[in-house]
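Chain by chain, the residues:
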Amino acid sequence: QKEVEQDPGPLSVPEGAIVSLNCTYSNSAFQYFMWYRQYSRKGPELLMYTYSSGNKEDGRFTAQVDKSSKYISLFIRDSQPSDSATYLCAMGSSYKLIFGSGTRLLVRP
Amino acid sequence: EPEVTQTPSHQVTQMGQEVILRCVPISNHLYFYWYRQILGQKVEFLVSFYNNEISEKSEIFDDQFSVERPDGSNFTLKIRSTKLEDSAMYFCASIPNRGLGGANVLTFGAGSRLTVL
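Heads up: the sequence lines are chains A and B, in that order.
So for the first sequence, my numbering puts the first residue at 754; every next one is plus one.
So for the second sequence, my numbering puts the first residue at 22; every next one is plus one.
Some clues are possibly wrong.
Said to hold, decoys possible - Okay, derived cross-link-like pairs now, BS3-like style, lysine-lysine, Cα gap no bigger than 27 Å in a straight line: (1) A:Lys823 / A:Lys809; (2) B:Lys63 / B:Lys78; (3) B:Lys104 / A:Lys809; (4) A:Lys820 / A:Lys809; (5) B:Lys99 / B:Lys63; (6) A:Lys795 / A:Lys820; (7) A:Lys823 / B:Lys104; (8) A:Lys795 / B:Lys63; (9) A:Lys755 / A:Lys823; (10) B:Lys63 / A:Lys820; (11) A:Lys820 / B:Lys99; (12) B:Lys78 / B:Lys104; (13) B:Lys104 / A:Lys795; (14) B:Lys104 / A:Lys820; (15) B:Lys63 / B:Lys104; (16) A:Lys755 / A:Lys820; (17) A:Lys795 / B:Lys78; (18) A:Lys795 / A:Lys809; (19) A:Lys809 / B:Lys63; (20) A:Lys823 / B:Lys63; (21) B:Lys78 / B:Lys99; (22) A:Lys755 / A:Lys809.
Bear in mind the hints are in silico, worked out from the structure with no lab data behind them.
Quick caveat: nothing in here was measured; it's all calculated off a predicted structure.
Only chain A is shown next, with the shape it has when bound in the complex:
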């Protein structure tokens, strides 16, 4: 089983839709969880991070972690065409992060 699994998509939604992006993981030692956004040929840009189970909200973005199920989610409300990008989950417990393969999101005007 891969340490971090993420559906590669692509996920295509109309503008204004609520987007749900998900990752599962197998390593119960992971302590912190991040979501990065990556535009084509650019470096990953941090969106959200959290250390614990539960929800964390920042504007239109909500990160959710369920450690008992080893499942994390990112919700995007009122999605915009500018949200079109690849979304990477990442998690870790030491000096390194383990990334998911990324979900490509397309928000149609």
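Please arrange chain B on chain A, whose structure you already have, making use of the hints.
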């Protein structure tokens, strides 16, 4: 906003040649990282560096790779004898400290694209 700067943005090299990728981390950051992303694949950890020594490295980071902080600002990744499969985007990242519980909230550079022919 402070950023991690990487050069060159794109390098093309012949197989077997040495390549040095350069990074200028954010000035007050103490921990430095290299990750790579082969086209269409996931971002993979290569190495972490703190206090002028390697903290952790992955199985990808073999004897062909080395890192160095030659002065107070630059952080370099050297590939001694490039192979075709080294073609990838290489991302430098840094954090100020390990924070709460050792969290690595990395700030990434824009990347250096390496093409090995």
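Each hint, compared with the structure:
1. A:Lys823 / A:Lys809: holds, 17 Å
2. B:Lys63 / B:Lys78: holds, 17 Å
3. B:Lys104 / A:Lys809: The given pair, whose Cα atoms are some 43 Å apart, is violated under the 27 Å limit.
4. A:Lys820 / A:Lys809: Cα-Cα ~14 Å, so holds.
5. B:Lys99 / B:Lys63: holds, 21 Å
6. A:Lys795 / A:Lys820: violated, 30 Å
7. A:Lys823 / B:Lys104: violated, 37 Å
8. A:Lys795 / B:Lys63: holds, 14 Å
9. A:Lys755 / A:Lys823: It holds: about 13 Å lies between the C-alpha atoms, which stays within 27 Å.
10. B:Lys63 / A:Lys820: The hint holds at about 23 Å.
11. A:Lys820 / B:Lys99: Not OK: Lys820 of chain A and Lys99 of chain B at ~38 Å, beyond 27 Å, violated.
12. B:Lys78 / B:Lys104: The given pair, whose Cα atoms are some 19 Å apart, holds under the 27 Å limit.
13. B:Lys104 / A:Lys795: holds, 23 Å
14. B:Lys104 / A:Lys820: violated, 40 Å
15. B:Lys63 / B:Lys104: Within the cut-off at roughly 19 Å; holds.
16. A:Lys755 / A:Lys820: Cα-Cα ~17 Å, so holds.
17. A:Lys795 / B:Lys78: holds, 23 Å
18. A:Lys795 / A:Lys809: Given pair Lys795 of chain A, Lys809 of chain A holds - Cα atoms ~26 Å apart, limit 27 Å.
19. A:Lys809 / B:Lys63: holds, 25 Å
20. A:Lys823 / B:Lys63: Status holds; Cα separation ~20 Å.
21. B:Lys78 / B:Lys99: holds, 14 Å
22. A:Lys755 / A:Lys809: Measuring from Cα to Cα gives roughly 26 Å; hence the hint holds.
In summary, the structure is inconsistent with hints 3, 6, 7, 11, 14 from the numbered list given earlier, while agreeing with the others.
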